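Participant: Generate the whole structure from the sequences, applying the supplied hints.
Number of protein chains: 2
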Amino acid sequence: MELQFAVAKIGKYASRESGDTLEMIERPHGGLSMVLVDGQRSGRSAKAISNVVARKAVQLLSEGVRDGAVARAAHDYLYTYRKGKVSATLNILSVDTRSRTLVISRNNPAPVIVHTAERGCFLLDEPSSVVGVNRNVKPSISEIPLEPDTLIVVYTDGLQHAGSISGSDVFDPQSLVSSMLEEGIRDPQLIVDNLLDSAVEMDSGRPGDDISVMAISVSSKRGDESRRLTGRLPL
Amino acid sequence: MELQFAVAKIGKYASRESGDTLEMIERPHGGLSMVLVDGQRSGRSAKAISNVVARKAVQLLSEGVRDGAVARAAHDYLYTYRKGKVSATLNILSVDTRSRTLVISRNNPAPVIVHTAERGCFLLDEPSSVVGVNRNVKPSISEIPLEPDTLIVVYTDGLQHAGSISGSDVFDPQSLVSSMLEEGIRDPQLIVDNLLDSAVEMDSGRPGDDISVMAISVSSKRGDESRRLTGRLPL
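Chains as they are written, first to last, in my numbering: chain G, 9 to 243; chain Z, 9 to 243.
Hints were generated in silico from the structure; no laboratory data involved.
Among the clues, some could well be false.
Below, simulated SDA-like cross-link-like pairs (lysine to any residue); rule was C-alpha separation at most 20 angstroms, straight line [what the hints assert, rightly or not]:
hint, chain 1, residue 1, chain 2, residue 2
1, G, K229, Z, L243
2, G, K93, G, R52
3, G, K229, Z, L241
4, G, K229, G, R194
5, Z, K146, Z, Y85
6, Z, K229, G, L243
7, Z, K229, G, R240
8, Z, K229, G, P242
9, G, K229, Z, P242
10, G, K229, Z, R240
11, Z, K229, G, L241
12, Z, K91, Z, M9
The model shown is predicted, which means the values in this text are computed figures rather than measured ones.
Facilitator: Okay, here's the thing in structure tokens:
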């Protein structure tokens with residue numbers, strides 16, 4: 009089998025930087041974890057918050073701490089550090105090669121889109137609390153077997169709310185993902201690009217919020233034994 | 009301007025995993041850092057070493073510690089942890105958007121290939137000590153202005169030594185990079201893929217050592233404001 013992943017991120021229009029932080033880290037027992045954090049508000053102050061939460065999470069993940077404990081610790085840390093006054097959403101998406109599962113941890117009202125060969129396309133949308141405010145916040149955790157024809161799409165609320173400021177129709181990420189799956193599209197890069205481009209278009213090219221999308225897909229094809237990573241950023 | 013980067017990694021033939029670790033982290037003051045560590049020997053034991061060194065380095069980088077201090081700390085940490093008996097090579101390649109430079113930190117006898125508009129193609133190859141053994145080891149640090157038409161290629165010694173076991177000609181990464189530059193190739197993904205594929209070919213498809221290659225290129229083109237990341241790994 010082969011795992012492919014892709015991330016695309018864009019900041020709110022006219023904001024100097026995105027308030028979302030995405031970090032990726034190897035898991036010491038095998039596999040990798042991706043951490044996506046959306047700090048409250050936007051720009052510099054949001055970035056400072058999301059950076060602190062993501063840093064704490066990747067540090068613990070790199071030490072082999074299990075995902076549920078990482079999300080709890082990231083909450084406790086932000087709660088203590090900012091006295092319960094500042095919130096962030098936190099998603100951890102892990103490929104755990106030891107348990108042969110994909111582990112999805114949500115502290116984010118925005119749902120996660122999942123497609124599996126067995127169940128088709130469905131949402132993980134049970135109520136979920138952000139981190140940093142309230143006490144004893146827990147993540148909502150789902151485990152999906154690491155099997156071919158699996159796709160997971162995670163995003164920050166900027167994607168969902170695209171178009172809501174300009175008053176046009178609200179963007180529906182799930183229906184767009186479903187239609188791409190029906191067309192046989194499984195490449196995570198195409199999927200995140202389409203989602204991001206469509207959202208930015210609904211905001212008339214000027215995103216009303218920071219938007220980040222990440223996707224992981226598992227396929228039965230088997231290329232060579234190499235691991236590869238590529239990326240770009242504007243300077 | 010736009011920055012593009014690419015990494016390709018493959019493990020020694022018949023080894024369960026690569027002993028090299030590559031991690032990437034956002035710099036809190038802007039930009040990103042890539043950390044590449046090659047642990048002594050190969051397989052599991054090498055992976056445990058490279059993981060510890062890379063983890064320490066990304067943790068400090070994420071807290072805003074400067075690259076030279078990070079390399080020193082990673083050395084001291086491994087030296088203390090393994091009592092000076094275990095070595096690793098360490099390269100840190102940073103895009104520092106605050107100082108507008110690319111910072112290259114080497115604790116690795118293998119050279120780094122650099123191309124700039126002003127100086128053309130040259131090697132960073134002054135003598136450099138690995139981390140973990142000997143006392144008071146320092147990194148060799150170079151700063152290159154963040155300007156268009158700049159390319160940096162960093163690799164572990166597995167790339168250099170490709171072909172040396174089978175007794176065929178020794179692989180020359182610099183001449184391959186030079187000829188790609190002459191052909192106008194600037195895409196870091198093409199560059200690392202060509203380097204890795206050529207090295208594996210010289211080892212008759214069975215790499216005699218872990219091989220990792222990373223490249224960063226700065227170009228004057230300017231796409232949209234998004235940041236993108238993609239990758240694949242065999243499962």
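Participant: Check the structure against each numbered hint from earlier and tell me which ones fail, lowest number first.
Facilitator: 12
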